[in-house]
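**Q** Read top to bottom, the protein sequences are chains R and V. Read left to right, the first sequence gives residues 110 to 916 (our numbering). Read left to right, the second sequence gives residues 130 to 399 (our numbering).
Hints listed in this document are in silico derivations from the structure and should not be mistaken for laboratory results. All residues carry an ideal CB built from backbone N, CA and C; glycine is no exception. Hints are supplied without guarantee of correctness; some may be wrong.
Unchecked claim - With a cut-off of at most 20 Å between alpha-carbon atoms, the simulated EDC-like pairs for lysine to aspartate or glutamate come out as follows:
(1) R:Lys-244 / R:Asp-225
(2) R:Lys-883 / R:Glu-775
(3) R:Lys-663 / R:Asp-749
(4) R:Lys-667 / R:Asp-679
(5) V:Lys-131 / R:Glu-169
(6) V:Lys-131 / R:Asp-137
(7) R:Lys-667 / R:Glu-746
(8) R:Lys-454 / R:Asp-285
(9) R:Lys-842 / R:Glu-768
(10) V:Lys-131 / R:Asp-261
(11) R:Lys-734 / R:Asp-749
(12) R:Lys-208 / R:Asp-261
(13) V:Lys-131 / V:Asp-182
(14) V:Lys-131 / V:Glu-191
(15) R:Lys-500 / R:Glu-546
(16) V:Lys-394 / R:Asp-770
(17) R:Lys-566 / R:Asp-772
(18) V:Lys-131 / R:Glu-797
(19) V:Lys-131 / R:Asp-772
(20) V:Lys-394 / R:Asp-551
(21) R:Lys-777 / V:Asp-182
(22) R:Lys-500 / R:Asp-551
(23) R:Lys-777 / R:Asp-895
(24) R:Lys-721 / R:Asp-674
(25) R:Lys-883 / R:Glu-559
(26) V:Lys-131 / R:Asp-225
(27) R:Lys-842 / R:Glu-797
To be verified - Which bits of chain V does chain R cover? Going by a derived footprint, with three or more residues having C-beta under 8 Å, they are:
(28) 130–139
(29) 195–206
(30) 382–394
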Amino acid sequence: MTTKLFGEPVRRREDARLVAGNGRYLDDLGAGALAVAFVRSPHAHARITGIDVDDAIDVEGLVAIYTWEDLPEGVREPLPLLIPHPALTHGRTAYCLAKDVVRHVGEPIVMVVATDRYIAEDVCERIEVSYEFLKPVVGLENAVEGPNLVHDDVPGNIGAHLVQEVAHRDGRATRDVIAAAPHTLEFRLDIERSACMPMEGKGVYARWDADDRSLRVYSSTQTSTSVRMAIAAKLGLPLPKVEVIAPDVGGGFGVKIVHPWPEEILVPWAARLLDREVKWTEDRREHFVSSAHERAQVQHVRVGFDDEGRVLGLDVEILHDHGAYTPYGIIVPIITSTQLLGPYKIGSYRVEFFSVYTNTVQVTPYRGAGRPQGVFCMERTMDKIAQYLGKDRTDVRAVNFIQPDEFPYDQQMIFQDGRPLIYDSGDYPESLRKLKELIGWDDFPRLQEEAAQQGRKLGIGVGCYVEGTGVGPYEGGHVQVTSDGRVHVSTGLTSQGQGHETVFAQIAATELGVPIEKVSVVTGDTRRFGYAVGTFASRAAVMSGNAIALACRKVKEKALQIAADALEADPADLEITDGMVHVVGAPSASIPLATVAVLSNPLRYAFDEEAKRATQFATGGSMEKPPVAEGQEPGLEGKDYYSPVRSTFASGMHAAIVETDPDTAEIKILRYAVVHDCGKMINPMLVEGQIHGGVAQGVGGALYEKMAYDEYGQLLNASFMDFLMPYVTEIPKIETDHLETPSPLNPLGIKGAGEAGVIPVSAVVAGAVEDAEKIVIDRMPISPSDLYALRDSSRTSGAVSLLRNTQ
Amino acid sequence: MKPPSFVYHAPATVAEAVEALTAAGADGKVLAGGQSLIPLMNMRLAAPGRLVDINHVAGLGEITAEAGGVRVGALARHAEVEASETAFAAQPLVRRALRLVAHPAVRNRGTTVGSIVHADPAAEMPAVLALLGGSVRVRGADGERDIPAAEFFTGPMESSLRTGELALSVFFPAAEGGTAIVEVARRHGDYAMAGVAALVAPGHARVACLSVGPVPVVVDVTEAGGDWARAARLVQEQIEPEADIHATADYRRHLTGVLAARALKEAADA
């Protein structure tokens, strides 16, 4: 068994447990706990005028009913605004339970605790909340045009307004550059709402130990350390008395990085107050109406370019719908604004966004986190330039690419981590070359023509993106080798199914030279590791992966020193293979790493045969030195942190061939090709898995998913029957190719891969449908009914048909 | 998503089931496959006070060839009917239509009779029954009767089944001629945005459309005389599609026309 596992397609070690139903998700825990259900607002905007519980209090099995009035100091304040920003001048967050006014359907008003969830829901049904109706604000343009307000004290419903401009290198402002450009285009783009929709919703289970005055909380979260700090702060508990554990988590995709959710405060609070175990498991309807959505933007674009298609100036105005509250700040529109630039050198760039309140579910990052919108904007722009100039769409992209010798490339903007937007490495021309080869780009016109002769409509689309991954501030890793030779790895960030148990073990096995079977990995458990940020922004492999590697290197250094003493060798002459420390080239001069672990911990007491070797009469060490050398610690363990100077930038390019039915307007993806570059791959099979999942979500966003709000702010499709998450039957076979341009920023040379797959799909599919139909596609997602309507209007008006511009 | 409490009956015979249903009156509901009822109860959109679970009643799962067709019992699962050679031999359209009903997991539990009694105008099996002119056999306190499909479907999720009556079986006629069913759904297995089942026999042609009216819409297109484009226009005149979040009424009308022509051609060629 080789121990060089980094880069190998190792099968996921967690799957045997998860696939066989032996995972422990939130609702698998706490079988005897009291159950929580909430009365949630059925109205998008209303003032609460009364809450009548008379009809509810006699229900057998009811334990407690709480409203905002019942909440103590700390719990009754608005939830935190997690990421403040100077441009977010009117940030607003919700209360754990609504105080006076509800601002979206689904906002929690009353918390019910009962002996089981059935009874809790019975009680909810009997509680009568009376309302004075307020006018709902739904839709971006309605929000901006007014006069109705989501928050009385937020004029124009504008929470944030930010302008960023990178002037031309000759000093001219973007708008002047565009005005003077040889060619200009101006258009509007629309993207609808979607949402993360993890298979497992949120959930919280809390146990109060009255004797120990301590609290243990399980939460289906992407950040257990930060939830822990929030709970301790809100409930006024000493931090060491609070433990938070993320058990197996059935997907997150961003929604579970938001915290603390009201339930993450209320459930532990009730558990302590009642001195009973309390659990809340979110159901699907709750998830639809009371967690978070993303994506919705309207973009107004002006672009100026030269005869070759080089973008001289790009001016983008974005209306971003952030829903009723802004707990996660304005990260999403900031990412849209900055990552919009993709792999391109844009002559000058001005981006302005208004982040706007509506009476809908709040908007926080969902896999891709603003990038799909930015890429949609840039890639539609590239397609339009190509169309206008009569050029191949890939040629227009290529002429704008940053070249391989131009890294590090400074886009001269501030990224989502507050640090400069400087790309560390990449090779965009090579990616495009690989992609064109993979999809058969140059041969497609022939294919398209042949199909046309059979009455079939085929189209091809392409989309490129750059993704800032591995944002800071830091993650840590702890590695311990115990005297049985096992290697225990822990890191504070959480897992939601990505395969961390596998890739972190690959890193540790490679670094320490041990078989992977000896390595176990724990994530997201504050009992094991207290300092962490969380799993989001394609950062786990980059951040914790490097931290674990660094911690392993500390352990290895210590192990080699101890082994050198035992073998009377120079540590520089030693290496570890298959768990044996040996002299390079002389395998017989060796000592098991397990024995090194025994020797690392000088003992007085022998509790087993192995331990005897470390006891005081057995070691034979120097009588002149203390058993634990100065500056050393007992035990073979190490901890280290990785904190990058800035993000590392992965990239990729996708292409798709679609077929549209001339009669039914059905849209089918015939082929989907991905070329992806996330630096050094720890496990190519898991990278491919991430890409497949991402593309699947991207196909959802491109062809199926939207949040259908009516004018009253009612979400009409709050179930999987009507919110069309694609099934496997809707996902094409995904063909992939890789490029590995290592990141110079971290020891392992890796970049993030988690979000990549989803990012360009809407842009790619829009381009392909446009190519098949010769009708402008400026709004996504697109359904057969939408395409039928577009065909109809292009036939009657001709206005939106693609016509080669001959200017 | 937990239902309110209800009284659960598990009768062992049809007589006991009918007795329980009669006693329950309007408050009673039959549980067979539960693929529609249970979600409705969990979402508290339906709250029957008494649930009569017929899964333990003997003799309701039969699929039997009868003169001129096939009879499908109330406990025959979609998957069993789909696989049944008896049903296929009598009326191949039944199998073809069932393959469009949801997904294997749903078809393993859901029953064909249950789907018909649920009377969702977007569902395939009510349209098939309507197209073929089949019937539903029911039993109540006053005895058994057969309700012709044309009289069975009375509105969206509404049928002429009376309070206290239990549907025992449906009868799919063998029907002379070729048949076909085509539909367009947003995702595989979803309720279709539009769909058409067609029957073409010498001197006669008709279709049943789903998702474009309060009940399956049966249109006789014999007068088109094999001009399926003309037949499609006839069908479009007879339907009353409505818009929803998945499709406009215009698109549904257009789509039904396209699918009617396709289904009729396929049935004529069959």
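**Q** Now tell me if each hint is right for this structure.
**A** Evaluated hints:
no.: 1; hint: R:Lys-244 / R:Asp-225; verdict: violated (36 Å)
no.: 2; hint: R:Lys-883 / R:Glu-775; verdict: holds (16 Å)
no.: 3; hint: R:Lys-663 / R:Asp-749; verdict: holds (8 Å)
no.: 4; hint: R:Lys-667 / R:Asp-679; verdict: holds (13 Å)
no.: 5; hint: V:Lys-131 / R:Glu-169; verdict: holds (16 Å)
no.: 6; hint: V:Lys-131 / R:Asp-137; verdict: holds (17 Å)
no.: 7; hint: R:Lys-667 / R:Glu-746; verdict: holds (8 Å)
no.: 8; hint: R:Lys-454 / R:Asp-285; verdict: holds (18 Å)
no.: 9; hint: R:Lys-842 / R:Glu-768; verdict: holds (15 Å)
no.: 10; hint: V:Lys-131 / R:Asp-261; verdict: violated (37 Å)
no.: 11; hint: R:Lys-734 / R:Asp-749; verdict: violated (27 Å)
no.: 12; hint: R:Lys-208 / R:Asp-261; verdict: holds (14 Å)
no.: 13; hint: V:Lys-131 / V:Asp-182; verdict: holds (18 Å)
no.: 14; hint: V:Lys-131 / V:Glu-191; verdict: violated (33 Å)
no.: 15; hint: R:Lys-500 / R:Glu-546; verdict: holds (19 Å)
no.: 16; hint: V:Lys-394 / R:Asp-770; verdict: holds (18 Å)
no.: 17; hint: R:Lys-566 / R:Asp-772; verdict: holds (11 Å)
no.: 18; hint: V:Lys-131 / R:Glu-797; verdict: violated (38 Å)
no.: 19; hint: V:Lys-131 / R:Asp-772; verdict: violated (43 Å)
no.: 20; hint: V:Lys-394 / R:Asp-551; verdict: violated (38 Å)
no.: 21; hint: R:Lys-777 / V:Asp-182; verdict: violated (42 Å)
no.: 22; hint: R:Lys-500 / R:Asp-551; verdict: holds (13 Å)
no.: 23; hint: R:Lys-777 / R:Asp-895; verdict: holds (14 Å)
no.: 24; hint: R:Lys-721 / R:Asp-674; verdict: holds (18 Å)
no.: 25; hint: R:Lys-883 / R:Glu-559; verdict: holds (17 Å)
no.: 26; hint: V:Lys-131 / R:Asp-225; verdict: holds (10 Å)
no.: 27; hint: R:Lys-842 / R:Glu-797; verdict: holds (12 Å)
no.: 28; hint: 130–139; verdict: holds (count 5)
no.: 29; hint: 195–206; verdict: violated (count 0)
no.: 30; hint: 382–394; verdict: holds (count 4)
Hint violations for this structure: numbers 1, 10, 11, 14, 18, 19, 20, 21, 29, all remaining hints satisfied.
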